Structure formats: C-alpha cells, structure tokens
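From first to last, the protein sequence lines stand for chains V and U. Residues in the first sequence are numbered consecutively from 231, following this note's numbering. Residues in the second sequence are numbered consecutively from 28, following this note's numbering.
Hints were generated in silico from the structure; no laboratory data involved. Keep in mind that this is a model prediction, so the values were computed, not measured. Hints are supplied without guarantee of correctness; some may be wrong.
As the list claims (entries may be wrong) - No more than 27 Å apart at the CA atoms, straight line, and that leaves these computed lysine-lysine pairs for DSSO-like: (1) V:543 to U:140; (2) U:104 to V:543; (3) U:168 to U:104; (4) U:157 to U:140; (5) U:157 to U:168; (6) U:104 to U:140.
Claimed, not checked - Just some of the chain U residues that point at chain V, by a computed CB distance under 8 Å: (7) 80; (8) 82; (9) 108; (10) 114; (11) 115; (12) 127; (13) 130; (14) 132; (15) 134; (16) 206.
Note that beta-carbon positions come from the ideal geometry of N, C-alpha and C, so glycine has one too.
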Amino acid sequence: MRLLVRQAFILSAKDMRVFVRDWPGMAFALILPLVFVFGFSLAFSGVGPDDERLRLAVATEESAAEESAGGLSRQTLDALAASPETDVREWDAGEAAAAVEDGSLDGYVLFPGDFTQRVLSGGGAEIRVMLAGGAPPETEAALRGLASAVAGRIGAISLIAQGTAELAGPAALDLAELGRLAEAPPLISFSIERVGSREAFNASNFTLPGYLTMFVFFIAAMSAEAIARERQTQTLERLLANGARRPAIIFGKMLASLYRGFLQLAVLWPAGIFAFSIDFGVSPVAVIGVSVMMVVAAAAFGVMLASLVGSVKSATSAAVFTSLTLAPLGGCWWPLFVAPEWLQTLGLFTPHGWANDAFNKLMLFGAQGADVAANLAVLALFAAAFLAVALLRFRSAPAT
Amino acid sequence: MDDFLAADNLSKRFDGVQAVDSVSFAIRSQEIFGLLGPNGAGKTTTIRMLSTVLAPDGGDVEIGGYSVTRESDEVRKRIGVCPQELALYPELSASDNLVFFGRMAGLSGREAKSLAADTLERVGLADRAKDAVRKYSGGMKRRVNIAIALMSRPQLLFLDEPTVGIDPQSRNHIFDTVLALRGEGMTVLYTTHYMEEADRLCDRIGVMDNGRLIALGAPAELKAQVGDPATTTLEEVFLNFTGRSLRD
Ligand SMILES: Nc1ncnc2c1ncn2[C@@H]1O[C@H](COP(=O)(O)OP(=O)(O)OP(=O)(O)O)[C@@H](O)[C@H]1O
Ligand SMILES: [Mg+2]
C-alpha cells in the first residue's frame, strides 16, 4: 500500500513536470477558458432582466375569515410586504390569474385556500408557483426561490405546532401564537433578496462555471491521449517491468489530472472574481466544494477514457468528442434552466450537468450549501463509477 | 556456468497469429545471448513474456530462480528492459528520465540522482544530461533508452533492437557499454537484425522464425552446421535457417 501511494505520487509529479513544460497545453487549460468567458458573457448579457430588481407577485386564496383568525398566508404576506429587501406586491388571487392569462404578469406565488388548515393538520400544505407559458427563467427561479423559502419556514412552524400539540394536547394550539412565530424575523431573512438584484445576472456567473467545467473535463480527457501515447511508446510496460503497480499507474495518472484541475480552479476562479466580478453567492465554501468534486469526477473520467480507448488517435477523438458533446448537454455553453425540458433531462446523465446545476443554484439563485448536497453526492458517484471502470479495464499494453 | 534464465515451452497466440510457439532455451549467467529472426518472428513477444508484462498462454520462465508467472515481483527486481520503442519522456531531460524510472524502481531521490549521473556518464551523455531528450540525435536517444534500463540495477538486461537507425559511432559506443556491463557480471539478452553485430557481441544465438526457435548455439557452431566456419557469415547462416521468402 505504501509502495502504491509512493509510486502514484512519483508518477504524478513526473506528469506535472511534463505539463508545466507544455506551454500550449497550459494556455489551453488556463487562458482559453477566459477568452470564452469574455466572449460569451458579452453575448449573454441580455439574458438578465431589464429592471433593477424582479417584482415578485404573491396572492392568497385563504378566506378573510381565516385570515382574521391569524391565517398563516396573511402573516407571511404582511411580513414579506414589510421587508425592505424584497419587492413583493400582493395581488388579488383572481386578478393575478387573469393577468397571467393575458400576459401582463409572468407569474406569481399562490397560497391555496386550505393553506393554514393543512399546515396545522400536519398533512403538508402546498404553495403554488403560477407561471405564464413564456415566463423568463429568472422569474421562475425567483418565484421558486420565494416559495421554497416560505415553505421551509412554514415547515418549521408546522413542526413546532405539532410538537406543542404532542406535549400539551390539542387545546394548546393557538393560531395567534403560531402567527407570531411566522412573523418572527427569520421568516423574512431568507436569501431571496439576492435573486432579483442585478449582480445576480452578471452573465459571467454562469459562463465562467460553465467553461471552467468544460475545460477541466477537456484537459482531464486529454490525459487519455497522453496515456495512450505512453502505451504506444511502451513506457507503461517499462514501468510495470520495473516494479510499478498497475493501480499505482492509474492513481498516479488520476492524481496528475487532479493537480491540473486544481491549477485550473486556482487560476480561473480568482480571474473570474477580479476580472469578471463573479459572485460566489451566500456559500462560497459550497462553490469550492462543488468545483473540487467536479475536478475529482473529471480526473476519474480521464483515466476511464484511457482504459476504454486503444490507439493515440482514438484517444484524441474520444477526448474531443466527449468534451464537445457533454459540455453542451451538461449546460456548459448555456444555462440548463433556459434549455428545453428534454435537454435538461439529458443533462442529468452528465457530471457536467450536476456541476453546473449546483453552480447555478449557488451563484445565481442564492442557494445554501445544503441545497447542493445531492449534486455533490451525484458527482462523487460519477467519480466512483468512472474509477471502477478504469481499475477494471486499464491496460498497459499497446493497442494492436 | 549456471542458467540465469530458463524458458520452458513458452507460447503466445494473438487472435489468429501464433506469435510464439513452444519456445524453450536457457541463458547462462554473464552470457550475451542473441535472439535473431526476421520481422514478426516473435522476438519482442518473447521478451515481453520474459519481462513479466505479457502473460504466456502456456509454459513458464524462471529468472534467477523465480517464476515469471508466479513470482513476478521477484523477477522484476532482477531485470532491466530496453524496449524496441523509445520508451521515455522526450519533454524531460535525460537526467529527469533516469531519476524518474530509478525512483519508480524503488530508489530514494538521492540514490536515483547519483546512479543517473553515473549511468549517463557511462553512455556518454553526461554533458547533455540537462537537455530535453526531444532535442537529442537518434543515437543519443537510443543511449538514453538503454541507460533507463540500467536504473533498476538489473542482473539481467533485455535489449530489444537497441541499435536501429543509428550511426557507427553510437553503435560502437553501445557495443562497448554492453561488453563492459557483461564484464561487471550482467547477463544480457540482445535482439538485432544486424548479423555482424550479433556475430561480434553474442556468446550464443537463438534463431526464431514464425514463433519457433529453429536454431540454437554459439556463432561458430551454427556456421559449422551450414558450411565452413572460417568463411561462412552469420548472414548466410540466418538465411539458410529462415529461408529467403519475404516476411510481413
Ligand atoms: N499485441 C499484438 N496483437 C496481435 N498480434 C501481435 C501483437 N504483438 C505481436 N503480434 C504479432 O505476433 C507476431 C510476432 O511479433 P513480434 O513483435 O514479437 O515480432 P518481432 O520478432 O519482434 O518482429 P520485429 O523484428 O519486426 O520487431 C507478429 O506476427 C505480430 O504481428
Ligand atoms: Mg520486435
């Protein structure tokens, strides 16, 4: 085991030595992505909204009687309206529906008539996001963000309500008291305020993670070509005859890809921050975490590719082909949330898609770290699956 | 003299081609053994099996008393391989190449550096040690290829066509190196298509054709089988055994 680790590190150090001597390769990995980000940020700069901030429409179907009794939707709406950080306008439920119908309103958040009742029964209430057919993605994202923030808070209240009921019996349930809970400051402090603000629609906030992901995978995929060449020149066989372990060769190659990927992160994220004013959102740690996991998945992808191809030529083709197909499918070229449904579904089959989805959530829609836990887990699964294929299939002999 | 290598009924088939067919031979300690044969005869395939990187379909080999198939780790500690291809990293310097392979073979950084310097001296590349190998001439690259094989301090050295495409000066330098290594106790398996080279270097020769070993013996013995040992060339011996038809 010690031998294996030692060999993997020596091998990866050698690969890095080769990499830093390869100026065109370095430029490809580190500078070209920035050129793309620059160009496409300009092209996408119209994707954001024209006005300063999104105006969020909300409406409730709960009857006046319930509202006066302290209906939760009423409490929530008042709290939202009072918040200086959100621009929420309350609509009459009927008018809002009509406005969406005739196209003068893109969408709104609706509390159904039985909302309070269902929350208190513990059966799970729903908040609806009503959207016009051609609603722009940022409106949808903003309304969804508002709805899920409210839902999260109400969910907590519902739990407290049930807990109180368990402890003190049903008689202790006091609507007014629950209303006060709902009004408490945390309700309004959800992260929605970022959503409508202008910097959230700095196009670089999705072009940079997109091209970062694409180029990390591209460079990792090109390692398959380098490995195929080492098979051809028999350096891999020479290493084996020399006492190198097969897994040490695989892990060494993967480590080298990790170093290259981390170098790309270390150059491209700061370049994004200083040159393109990108914003990591409320959880920079999560952005770093997702990018690290993305690099791991890419490195494993590279050794898997190397284990599946034979000649140098087929390795090059495979690297270019996979890079140029997975990148658009996985939302590297345009944000997946503006893509048609079928493309979004296809994106789920690519590690790129899961990485970009996480970056978009964190950097555009104000998500918290916990919101991208699934993305991290799926990226880790991709990495494990790729590595497993590599360990099973990796050959050191030249292609015949 | 003891046998350092003993190959017993070695066979390998690649889809449709019997590359090596029941080959048995032995190499004595400190012997330079030549493996000759036309293109596609199975020389490289044999070396790949002897050096543990290709599993034989049948048969086994003992090297230094260890089985190539069952005790490959022990075998690997005792061999050095110079493949037919230039198995090196052209972007790196000769010194970096040697240090890398030495460290992969288990040497510490310091040991590897010191052995690399000695070895580059031995193959006449000490003054160009820091230059990228890509800038070397063909003969210099061949010498680096051999030098790398010495970085595991082998007892048995496999040299698969180490002198293709190089000038007489480099070739002579390589001969001298091989003879000096043998003088220090190394055993060598050498393949080549240059008959006068084999005649000059090798103590014994095995001739392969179509995967089979068809002749085995000292150059003089083989010549005697064909004609007058004083006037017969090894080339005539070779053509006599392998025929004149063209190979793939
Ligand atoms: N990996 C492989 N897959 C399929 N066939 C192979 C493979 N390696 C070798 N062969 C075939 O096996 C036979 C022996 O090849 P080998 O390379 O051992 O010959 P050789 O004596 O080294 O020839 P040369 O003098 O040209 O180097 C040839 O017919 C070759 O085409
Ligand atoms: Mg050969």
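* Structure-inconsistent hints, enumerated in ascending order -> The structure breaks hints 1, 2, 8, 15, 16; every other hint is satisfied.
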